[in-house]
Amino acid sequence: MRLALLALLTRSPAHGYELKQDLEKLLGAAYPQPNVGQIYVTLGRLEKSGLIEGEDVEQSGRPNKRTYKLTAAGREAVLAWFEDTAEEPRVRDEFFMKLALAPQSGLADPIALINKQRRQYLNTMRDLSKLAAAEDRDNKISQLLIEGAMLHLQADLDWLERCQEELE
Amino acid sequence: MSDDATAAPVVPIVRAEGLTKTHHGEGTPVPAVRGVDLSVQPGEFVAVTGPSGAGKSTLLHLIGGLQRPDDGKLWLDGERVDAYREARWAVLRRRSIGVVFQFFNLVSNLTVADNVELPALLAGASPKAARDSRAELLAELGLEGRERSMPGELSGGEQQRVALARALVNHPALLLADEPAGSLDSKGTREVLRLLTRFHQRGQTIIMVTHDARMASAADRVISFFDGRIADDAQLGGGRPGPAGGVSGVLELKE
Chain A
1 MRLALLALLT
11 RSPAHGYELK
21 QDLEKLLGAA
31 YPQPNVGQIY
41 VTLGRLEKSG
51 LIEGEDVEQS
61 GRPNKRTYKL
71 TAAGREAVLA
81 WFEDTAEEPR
91 VRDEFFMKLA
101 LAPQSGLADP
111 IALINKQRRQ
121 YLNTMRDLSK
131 LAAAEDRDNK
141 ISQLLIEGAM
151 LHLQADLDWL
161 ERCQEELE
Chain B
1 MSDDATAAPV
11 VPIVRAEGLT
21 KTHHGEGTPV
31 PAVRGVDLSV
41 QPGEFVAVTG
51 PSGAGKSTLL
61 HLIGGLQRPD
71 DGKLWLDGER
81 VDAYREARWA
91 VLRRRSIGVV
101 FQFFNLVSNL
111 TVADNVELPA
121 LLAGASPKAA
131 RDSRAELLAE
141 LGLEGRERSM
151 PGELSGGEQQ
161 RVALARALVN
171 HPALLLADEP
181 AGSLDSKGTR
191 EVLRLLTRFH
201 QRGQTIIMVT
211 HDARMASAAD
221 RVISFFDGRI
231 ADDAQLGGGR
241 PGPAGGVSGV
251 LELKE
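Each protein sequence line maps, in turn, to chains A and B. If you read the first sequence in this note's numbering, its first letter stands for residue 1, the second for the next number, and so on. If you read the second sequence in this note's numbering, its first letter stands for residue 1, the second for the next number, and so on.
Isolated chain A (complex conformation):
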């Protein structure tokens, strides 16, 4: 979340609650509802490391609100983040370990494991389809996020199919 917050602050200074709302609006229903406390903690850490600067703004009749702006070092950090490519996702190694070790242990049947896992993935796929249908059609970012999750799941399902073909 650190870099997401820094990247939002490249636009203009903002306070914690605004940043939470901006993230939610941008990423939509597929985004794990951020805990506002977590955001404040992260902002505190970013300030300590000199990537942002806080300033208290007085509000009439309400507690002060702390607004943050990006420092030059913060801007560098965001640039470096965009510069780096992200790591590719990893194979579902826990399931694969089960599959690899089932025959060794004699405690589970690999095909039964595959069938059970497929049921879970198909149900998740169904949930994702519903999420996509319920989500705002015009929120492209959110729709793409859900579609990405579905395509990953599709690949996992294809891989299960390959495992079943080889092991049956």
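Since the hints were derived computationally from the structure, they do not count as laboratory data. Among these hints, one or two may not hold up.
Chain B stretches covered by chain A per the calculated footprint, using a threshold of three residues with CB under 8 Å from any CB of chain A [to be verified]: (1) 159-167; (2) 204-217.
Heads up, incomplete: computed chain B residues facing chain A, CB under 7 Å, no partners named [to be verified]: (3) Pro51; (4) Asp232; (5) Ala234; (6) Leu236; (7) Val250; (8) Leu251.
It should be emphasised that the depicted structure is a prediction, and the values quoted were computed from it without experimental measurement. Here a beta-carbon is modelled for each residue, glycine too, at the ideal position from N, C-alpha and C.
Chain B: place on chain A using the hints.
Coordinates of chain B only, in the frame set by chain A:
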């Protein structure tokens, strides 16, 4: 389904026992469907998935009488049909089974309207009734104004919608779909899926063959087909607690 607890049990719309089919092409015979037992209840939306060559399309063709089994028994709506000859199958398909294929199979030198009306006329509908059903379905499928187009003038997604209208014009009890989005782009796929889901919600029984897990997950039952056999038969939805907080949380942010 009946609300009356004393009513007779619901007759499955499809029931198969030991259904078997071997392809005899060049070279060694290839078993495509190997002793399949299956029962589908009225109103179900069943997806059959599996790798290509697993025999899932053959299974669908056996159910629709497009191919004949070498062995096994098949009942449609309680009636034993595996020994039917082509003429009786033709009547059955006209009245009770709609089929959509991957490549639409529209009659290329007939207009959209004629493609949809033809099966209604063949089933004995009056020209007016055929026209009315056609108009209603095309409107429903978002194809108004396309009546006079030739299939070749339409996009793949539109052609598949015409094929869907043709399959449904006689209100068949059973709709069979063989990779209905197999030759469509993702927009066309979503459209076909949305329409199938809509007809299913109105009670249409559907059996769909697909290799696409996203399509399959729209069904309420998924049969995994491997090497001519049912490897798994899973009911989706209902009764699953689901992950905490639903599926939102698709995105994992570090820290």
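Hints breached by this structure: Structure breaks hint 1 only.
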